[in-house]
Amino acid sequence: MDQDVKKKYNYWQWRTLIILMIGYMLFYFVRKNFSIVMPALESELGISKAKLGLFLMLNGVIYGFSRFVNGFLADRTSRKLMMSAGLLLSALVNILIGLSPEMNGVFHFLDAEGKATMGLVTVIGSLWLINGYAQGMGYPPCGSLMAHWIKPSELAFKQSIWNSSHSIGAGLVAIICGTLILKPFGYQAWQWCFFAPAILAIAGAVLLFFGLKDTPASVGLPDPETMDENAPARTVEEEDPGFTKFAYERLVKKMVFGNKIVWILAIANFFVYVIRFTILDWGATFLTQDRGLGISTASSVVAASELIGGIGGTLLAGWATDKFLGSRSQRTCFLGLAGATLCFLAFWLIPKSMNGLAVASLIMASFFIYMPQALIGISLSNQATKRVAASANGIAGILGYASTTVSGYAFGVIADAKGWNPVFEIAILMGLVGMVLLAMLWNKPANGYAKADRLIEEYRREYDNGKAEEVRS
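Each residue of the sequence shown is one higher than the last, beginning at 18 in this note's numbering.
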């Protein structure tokens, strides 16, 4: 390989990876801030856990739908434009939520006691629903860009590095919001938990738009799989746009909708996300209400779960997958979900007099749950191949975030009516079901590139024959 090409490729690959990490971290700033501020919304505005859970559910369902739709669009359109536009829209929605109580004089959003009327509840919920769609414009470009820029044999480790942006974003925003609502300001400063992250997100949208390139070809580089020593030699050529569209439509049918591995991974993602969101979305709330911790302490625990547990689990999973498991990330997904389920079970069973041990168990549950959270997407990208990676991840996205029907609304209603114990029981059961699904994939291949290459050859012959037939007619 030409050393100049290799040097240029490494520069653009790491530049793309770092910018994607910063950008997706900021997506979490204007998304997971809501989870940290929920106790303040309940205390200051009188919004019940059931309504807050409904917001989480609707946001998650719309987010999943958005990831599904934008997954297909990301394989066909400008990824950097989609991602930067989504982050900018999400930032604007956060600013509007923070400003919404100030519109009380016009819309009567607050009652005589300063609590939210149904008008304000509806506005906040509607804005958070819009935010769900904007957030769904974040992951599909990331998954597609990484599949275009990273060799298949390195994707598990390098995408796991990127995936730590989930934990960095969720952890840092927990610290930021927890600091903002400390004394002397307290819960009254909740609006700044929307304003501050939004300002940073706007700067991030500018970075994404001007810093990213959609493909290696746009900077004169070959595709990464042609540079992989473990892959068969391929000829690099500019494809006919007509054939690209022809092949894409057929690959979506075969490598995505007709792929059993993709469907099992996508369904398992539902159960992974129930546990993940139970910790991330409700952690600050159940640690204050069930374990008796202060809001600043609870926010710090959520931050530690993300920054220590999440990043550690993500990086270890990616490294171990490529190093010891032959890039079969589905195996690491199973082991991670098993560890998370056991640690969450331990958290539930540990007596309230031993909160230190319970907190450690919760952090370890995050450590393990981020293994499948990170690697299911990587496994889907490898199984579907780079041509339709975002489309496959779109299916996993809509199923993963459909989990908020359970972890969001259902858990909010259950916690209001019966406390937190039934919530923990259901979450543990969901983890066990997900383990069974992932165990079914233990011996499946690491990727689908060999299958895709055979299909591309078949489609090429079919396409060429069709063009020849057109000429003859």
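Keep in mind the hints are simulated off the structure, nothing from the lab.
Think of the CB as a built atom: it goes at the ideal place given N, C-alpha and C, for glycine as much as any other residue.
Mixed in with the good hints there might be a few duds.
[Claimed, not checked] Pair ranges (Cβ atoms, derived):
1. K24 <-> N438: 35 to 43 Å
2. L366 <-> N27: 28 to 36 Å
3. K484 <-> L359: 52 to 60 Å
4. V453 <-> E266: 29 to 37 Å
5. V223 <-> K484: 15 to 23 Å
6. L224 <-> P462: 54 to 62 Å
7. G309 <-> D433: 17 to 25 Å
8. G203 <-> N27: 46 to 54 Å
9. K262 <-> L359: 22 to 30 Å
10. P462 <-> D433: 12 to 20 Å
11. R93 <-> G203: 42 to 50 Å
12. W31 <-> H125: 27 to 35 Å
13. T94 <-> V236: 42 to 50 Å
[Stated by the list, open to error] For lysine-lysine, the following PhoX-like pairs were computed, each having C-alpha atoms within a straight-line distance of at most 20 Å:
14. K230 <-> K175
15. K270 <-> K168
16. K340 <-> K175
17. K340 <-> K468
18. K369 <-> K435
19. K277 <-> K24
20. K435 <-> K270
21. K277 <-> K23
22. K24 <-> K175
23. K23 <-> K270
- request: Could you tell me which of the hints above the structure violates, numbers in ascending order?
  value: 1, 2, 5, 6, 9, 10, 12, 13, 15, 17, 19, 20, 21, 23
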